[in-house]
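Chain A is already provided as a structure; the job is to place chain B on it using the hints.
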Amino acid sequence: MIRYIIRRLLISIPILLIGSFACYVLVATAGNPLAEMRFRPGVTEADLKAAEVALGLDKPVFIRYWNWLTDFLSGDWGQSIALGQAKTAVFPAVTDALWTTGRLVIGAELLALTLGVSVGVLAAVRQYSIFDYLATSTAFLMFSMPIFCVAVIVKNYGIQFNNVLESMGLDRWLTTAGPRPGGFSGSFGEVIFKYTGTFLLPTVALMLISFAAYSRFERASMLEILHSDFVRTARAKGISQSRVIFKHAFRNALIPVSTLFSLNFGAVLSGAIITETVFGWAGMGTLLVNSVRQFDPPMLMGWLAVTATLIVLFNLIADVVYGILDPRIRLG
Amino acid sequence: MANINLAAEGGVVNSAPGSGSHEFDAAKTRTQGQLVLRRFLRHRLAMVSLGVFVFLVLFAFVGPFVWTYDYEDVTSKSYQPMSGTHPLGTTQVGKDMLALLMRGTAYSLQIALIVAALATAIGVTFGALAGYLRGFIDTVLMRLVDLLLIIPQIAVAAIVVKGFSGSWYVVALVLAAFAWMSIARITRGETLSLAQREFIEAARACGASTPRIIFKHLVPNMIGSITVNATLAIAAAVLTEAALSFLGLGVQPPDTSLGVIVLENYGQFMNRPWLFWGPFIVLVSLSLAVNFIGDGLRDAFDPRQTKVRA
Numbered sequence: 001m002i003r004y005i006i007r008r009l010l011i012s013i014p015i016l017l018i019g020s021f022a023c024y025v026l027v028a029t030a031g032n033p034l035a036e037m038r039f040r041p042g043v044t045e046a047d048l049k050a051a052e053v054a055l056g057l058d059k060p061v062f063i064r065y066w067n068w069l070t071d072f073l074s075g076d077w078g079q080s081i082a083l084g085q086a087k088t089a090v091f092p093a094v095t096d097a098l099w100t101t102g103r104l105v106i107g108a109e110l111l112a113l114t115l116g117v118s119v120g121v122l123a124a125v126r127q128y129s130i131f132d133y134l135a136t137s138t139a140f141l142m143f144s145m146p147i148f149c150v151a152v153i154v155k156n157y158g159i160q161f162n163n164v165l166e167s168m169g170l171d172r173w174l175t176t177a178g179p180r181p182g183g184f185s186g187s188f189g190e191v192i193f194k195y196t197g198t199f200l201l202p203t204v205a206l207m208l209i210s211f212a213a214y215s216r217f218e219r220a221s222m223l224e225i226l227h228s229d230f231v232r233t234a235r236a237k238g239i240s241q242s243r244v245i246f247k248h249a250f251r252n253a254l255i256p257v258s259t260l261f262s263l264n265f266g267a268v269l270s271g272a273i274i275t276e277t278v279f280g281w282a283g284m285g286t287l288l289v290n291s292v293r294q295f296d297p298p299m300l301m302g303w304l305a306v307t308a309t310l311i312v313l314f315n316l317i318a319d320v321v322y323g324i325l326d327p328r329i330r331l332g
Numbered sequence: 001m002a003n004i005n006l007a008a009e010g011g012v013v014n015s016a017p018g019s020g021s022h023e024f025d026a027a028k029t030r031t032q033g034q035l036v037l038r039r040f041l042r043h044r045l046a047m048v049s050l051g052v053f054v055f056l057v058l059f060a061f062v063g064p065f066v067w068t069y070d071y072e073d074v075t076s077k078s079y080q081p082m083s084g085t086h087p088l089g090t091t092q093v094g095k096d097m098l099a100l101l102m103r104g105t106a107y108s109l110q111i112a113l114i115v116a117a118l119a120t121a122i123g124v125t126f127g128a129l130a131g132y133l134r135g136f137i138d139t140v141l142m143r144l145v146d147l148l149l150i151i152p153q154i155a156v157a158a159i160v161v162k163g164f165s166g167s168w169y170v171v172a173l174v175l176a177a178f179a180w181m182s183i184a185r186i187t188r189g190e191t192l193s194l195a196q197r198e199f200i201e202a203a204r205a206c207g208a209s210t211p212r213i214i215f216k217h218l219v220p221n222m223i224g225s226i227t228v229n230a231t232l233a234i235a236a237a238v239l240t241e242a243a244l245s246f247l248g249l250g251v252q253p254p255d256t257s258l259g260v261i262v263l264e265n266y267g268q269f270m271n272r273p274w275l276f277w278g279p280f281i282v283l284v285s286l287s288l289a290v291n292f293i294g295d296g297l298r299d300a301f302d303p304r305q306t307k308v309r310a
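In order, the protein sequences belong to chains A and B. Using full-length UniProt numbering, the first residue of the first sequence is number 1, and each one after it goes up by one. Using full-length UniProt numbering, the first residue of the second sequence is number 1, and each one after it goes up by one.
Hints are computed from structural coordinates only; laboratory data are not their basis. Accuracy of the hints is not assured; some may be wrong.
Using 25 Å as the maximum straight-line C-alpha spacing, the simulated DSS-like pairs for lysine-lysine come out as follows [unchecked claim]:
1) A:K87 <-> A:K59
2) A:K49 <-> A:K87
3) A:K237 <-> A:K247
4) A:K49 <-> A:K59
5) A:K59 <-> B:K162
6) A:K87 <-> B:K77
Cβ-to-Cβ under 7 Å is the rule here; a few derived chain A residues that face chain B [what the hints assert, rightly or not]:
7) A30
8) F148
9) C149
10) G266
11) S270
12) T277
13) L288
14) V292
15) Q294
16) V306
17) T307
18) A308
19) I311
Built from N, CA and C at the ideal position, the CB exists for glycine as well.
So here's chain A without its partners, still in its complex pose (with noise of 0.2 Å):
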């Protein structure tokens, strides 16, 4: 296992790096971060000249590549270039909106993986029963969701639903926007209340997308183990249902979904991406589209390495995890 995941890991050196050499050419193509420069008054062509040189960008692009590259590896992830930025940092800004977004997207997560599991399993078990009829046609109209539309709706229903508490005498609990830089103050009883207000809306949004995979996906297995033989066997062999369901199905189904859990990851990032944009916090999304508007090339290949290693390393953890579950499968 130790050998197999140090041979995955040295072979994903060589990807990520024609990953990173393909991205740094895609966005050094992809536009002049000096174009905007040279229409503000004042500006001469020798100061343009001078900007160039200073960003590097008179030197040709295997060259800047490795210059990037070499001071990215070393912990120097540039400067942001962008108009109005005040020269920012590219890493502190990055792991912020990492932060921000991971807090999000495992909570969501972890929802929706649970409820999605335990949908999909009771709806196998009583298939074609209302429950399964309802679960399977909320789950293929949640997939056939864009989420965008998700977000605003839930985001909408909140503010009504705080408007409600407040003709009601209570506070507003539920916030429409990011959490605060500092953190939440207060008693311990302010806290939870803050935090839960804050973070409850974009969790539902979210977790309504990827619920709907988990419970069809988790449907879908379940449904193919109690109709394979060694159930029939359990069964016949007098064991109660629950524990035929359990023991022997249950553990079984849960091989896909749990790969699924870790191959999901692009799909709920660019999920992420659309929530936080919906409800404003500064997140990895708020930042890629900050960044590509302002055409920002350092932000942006940072925000890229970032993810694409973290792509890697869920897509890793996948193929380990299902070799860990499932012995029948040999890792090597």
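Quick look at chain B alone, frame taken from chain A:
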């Protein structure tokens, strides 16, 4: 199981020679394609969805010729409520929402269809090549798939669209470049097993070239999964395009799409809900209809799956 066998045997025994041969003729004259078509036509949900899809296509491409307002027309007043002249009201700048929706649906459909067609073509070609030729080409193509999967599609699409103006066909091309990987993987898997079969060996023995084997022998045998995945790719493309445009990083004004319409109007959710729910319903019914059609096609091509699957 036993019951089914009994019934089948009973059916054979009981059938009189005359009626039996009649059934036999009827069964013989149906090709695989006709069987699939029959099963699809009998799939009620898929047929309803097909109706919805056709209606949306007509709405998008014929609607503008019928409807009084053009999407570019700026009427005198902004934010008019729903009325006979403006069934879905007007937007902030006074454009008729219904006309905008027609235009947006047309663009979203165009983008989704191009993405699905390109992604399927690339995915099938690469997947079949990798699975049939194996060896070095397989390794290179599959590593390319791995590589593209680690870069978030939405980020790259945003950067490219930013670099090359937000025309709708740029959006379509970029989305297609990042949508073919799953189809390639599925096609490769199927090719790997199909390539072991005798008819491929026979074709190779006859001296058929690689392109001929792939497109005349392999692809027709995978047409079921290819069609299903192409349909699902349309639904995925509709949602991805809308999401990208919603972030303001996809289709750029003056072009419009369903995502752009939602972006411009979702702030009116509370005060003028129709401006949000109109595009929302079009978007959801489009993606639901395409997903259901894909499901119906899957059942029609592979009726065995229906028992276990939803």
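Here is what the structure says about each hint:
Using a Cα cut-off of 25 Å, the hinted pair K87 (chain A) and K59 (chain A) holds, with the two alpha carbons roughly 22 Å apart. Straight-line distance between C-alpha atoms of K49 (chain A) and K87 (chain A) comes to about 19 Å, which keeps the hinted pair within the 25 Å bound. Between K237 (chain A) and K247 (chain A) the alpha-carbon distance is near 14 Å, which keeps this suggested pair within the 25 Å criterion. Between K49 (chain A) and K59 (chain A) the alpha-carbon distance is near 12 Å, which keeps this suggested pair within the 25 Å criterion.
Among the hinted pairs, K59 (chain A) with K162 (chain B) is consistent with the structure: their alpha-carbon atoms are about 23 Å apart, no more than 25 Å. The hinted pair formed by K87 (chain A) and K77 (chain B) fails the criterion: a straight-line CA distance of about 44 Å is larger than 25 Å. For A30 (chain A), the interface hint holds, the least distance from its beta-carbon to any beta-carbon of chain B being 3 Å, beneath 7 Å. Hint status for F148 (chain A): holds, given a least beta-carbon distance of 5 Å to chain B, under 7 Å.
The criterion of a C-beta within 7 Å of any C-beta in chain B is met by C149 (chain A), whose closest approach is roughly 5 Å, and the hint holds. Given hint, G266 (chain A) at the interface with chain B, holds; its Cβ is 6 Å from that chain's nearest Cβ, closer than 7 Å. A least Cβ separation of about 4 Å between S270 (chain A) and chain B falls short of the 7 Å threshold, and the interface hint therefore holds. The interface hint given for T277 (chain A) holds, since its Cβ lies 6 Å from the closest Cβ of chain B, which is under the 7 Å cut-off.
Hint on L288 (chain A) holds. Least Cβ distance to chain B is approximately 6 Å, under the 7 Å limit. This hint holds: V292 (chain A) has a C-beta 5 Å from the nearest C-beta of chain B, less than the 7 Å allowed. Given hint, Q294 (chain A) at the interface with chain B, is violated; its Cβ is 10 Å from that chain's nearest Cβ, farther than 7 Å. A hinted interface residue such as V306 (chain A) counts as satisfied when its beta carbon comes closer than 7 Å to some beta carbon of chain B; here the least separation is about 11 Å, so the hint is violated.
Interface restraint check for T307 (chain A): the shortest CB-CB distance to chain B comes to about 5 Å, inside 7 Å, so the restraint holds. About 5 Å separates the beta-carbon of A308 (chain A) from the nearest beta-carbon of chain B, less than 7 Å, and the hint is met. Below 7 Å, beta-carbon pairs count as interface contacts, and I311 (chain A) has one with chain B at about 5 Å; its hint therefore holds.
In this structure, the earlier hints numbered 6, 15, 16 are contradicted, and the remaining ones agree with it.
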